[in-house]
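Trainee: My request is simple: use the sequences and hints to build the entire structure.
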Amino acid sequence: MSILTDFKTFAMRGNVVDLAVGVIIGTAFGKIVSSLVANVIMPPLGLLISNVDFKDLGILLAPADPASGSEAVILGYGAFLQNCLDFLIIAWAVFLMVRLVNRFAPKPTPSPAVAKGPSTEELLTQIRDLLKSEAPKAPAKKK
1 MSILTDFKTF
11 AMRGNVVDLA
21 VGVIIGTAFG
31 KIVSSLVANV
41 IMPPLGLLIS
51 NVDFKDLGIL
61 LAPADPASGS
71 EAVILGYGAF
81 LQNCLDFLII
91 AWAVFLMVRL
101 VNRFAPKPTP
111 SPAVAKGPST
121 EELLTQIRDL
131 LKSEAPKAPA
141 KKK
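Mapping the sequence shown onto my numbering, position 13 (from 1) lands on 13, and the numbers just tick up by one.
Quick caveat, the hints were computed from the structure, so don't treat them as lab data.
Misleading hints may appear alongside valid ones.
[To be verified] The following label-pair restraints were derived from C-beta to C-beta distances:
(1) E121 <-> L88: 53 to 63 Å
(2) D65 <-> I25: 39 to 49 Å
(3) A113 <-> S34: 33 to 43 Å
(4) V101 <-> S68: 53 to 63 Å
(5) C84 <-> I3: 38 to 48 Å
Backbone N, C-alpha and C fix where the C-beta goes; we use that ideal spot for every residue, glycine too.
Mentor: Written out as structure tokens, the structure is:
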């Protein structure tokens with residue numbers, strides 16, 4: 001087979017297509033959650049905490065120096081907090097989806113119990129007894 005035929009077979013396999021669809025939907029879902037956090041959850045939360053915009057929260061490590069043209073160095077933990085909230089919401093949503101799918105997934109049927117046969121020791125005993133019963137009887141020795 002040619003490389004193109006092999007690739008077509010690989011790409012059209014069910015798992016690869018399912019994975020591609022999952023990645024695309026996951027990316028879109030991530031954007032929705034990021035918008036939810038940045039535009040819906042964080043503004044009221046910032047309002048409750050003295051009109052703070054979480055994106056702007058940070059610690060000034062070094063001020064800007066106009067003489068040298070260097071910008072201020074800021075440890076922006078506000079954006080990090082916002083991203084952590086994004087992650088928690090996405091993780092919660094994925095957990096709920098997996099839980100829902102597992103609830104409706106068919107339960108595996110237990111395999112029928114295999115009848116337990118005799119143990120190896122019992123089989124060997126039976127074979128020994130059969131061999132004894134089938135062995136030709138030796139004639140009695142004459143004195």
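Trainee: Compare the structure with each hint and give your call.
Mentor: Tested hints:
no., hint, result
1, E121 <-> L88: 53 to 63 Å, "holds, 59 Å"
2, D65 <-> I25: 39 to 49 Å, "holds, 47 Å"
3, A113 <-> S34: 33 to 43 Å, "violated, 52 Å"
4, V101 <-> S68: 53 to 63 Å, "holds, 57 Å"
5, C84 <-> I3: 38 to 48 Å, "holds, 44 Å"
Checked against the numbered hints above, the structure breaks only hint 3 and satisfies the rest.
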